[in-house]
Amino acid sequence: AQSVTQLGSHVSVSEGALVLLRCNYSSSVPPYLFWYVQYPNQGLQLLLKYTSAATLVKGINGFEAEFKKSETSFHLTKPSAHMSDAAEYFCAVIVGYNKLIFGAGTRLAVHP
Amino acid sequence: NAGVTQTPKFQVLKTGQSMTLQCAQDMNHNSMYWYRQDPGMGLRLIYYSASEGTTDKGEVPNGYNVSRLNKREFSLRLESAAPSQTSVYFCASSTTGTVYNEQFFGPGTRLTVL
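Same order as they appear, the protein sequences are chains A and B.
Throughout, the working numbering is defined as the position within the first sequence, counted from one, plus 25.
Throughout, the working numbering is defined as the position within the second sequence, counted from one, plus 559.
Hints listed in this document are in silico derivations from the structure and should not be mistaken for laboratory results.
For glycine and all other residues, C-beta sits at the position ideal for the given N, C-alpha and C.
Certain hints may be false.
What the hints assert, rightly or not - A few chain A residues facing chain B, derived, Cβ under 8 Å: (1) 34; (2) 71; (3) 76; (4) 115; (5) 119; (6) 123.
Here chain A stands alone, though its shape is the one from the complex (with noise of 0.2 Å):
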C-alpha cells in the first residue's frame, strides 16, 4: 500500500536559516507526491506537487522539493525562513484515482 512518513513532528529553526522538513514515501508504482501548508486556524493549501515531469520541484513562498528514487524521499526545503513560514507542513501521495493519503505532519516553528 502507498504510503508516506513524516520524520520529525517538530522542526525549529532561527529566522534566515535553512528549512528541511522530511518525507519518504513507500509505493509500488511511480508515485505522485504533494507538499501542503495549514496556517493556524486555516485550511490546506497546496506548495507544491511531483507529476514526474522533473525531480526538482519548485513551489509557492521560495519552497522546493526533491524527489529521489533511489531514496525513496521527496524533501521539502527553504534557503531561507521567515517568521511567515511558520506552520504545519504535510507530504501526500496519490492513491487511486485523486485520493490523498497524507503523513502525520511537521509543525515548523520560527524564531528570531
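Could you slot chain B onto chain A? The hints should help.
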C-alpha cells in the same frame, strides 16, 4: 470566488446527537472530499465523490454518511455522534482529467462531542 466554504465553523454535540456538516464549492469541480484531522495523524479521508451522483468510502467511513446534493454541495452527516468523532473536519474539491489534480480545501469545522 469564495472557493470551498463550510458551515458551521464550530459545533459542540452531546453523545448520540446528530448533525450535518455542509460544504459547497463554486469552482465547478467534479470531485469532492471529506477529511478529518486529528493530532499526530494528519488528514484521513472519510468519503469522497468523484462526480455528481456518486460517493465512495475512504479510509475511515464508519459512523458517517454523505450526500452529494448537486455538483456544488457535498454534506457529511453524523447520525449518532460519539466522542471519538471529536475532530476538525475539512471538505475539499478538485477537477478531474488527471490522477493528480490539486485539491482545494475549505477552512474546516471544529467538532467537539461530549
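Structure versus earlier hints, numbers of those that do not hold, lowest first: Every hint satisfied by this model.
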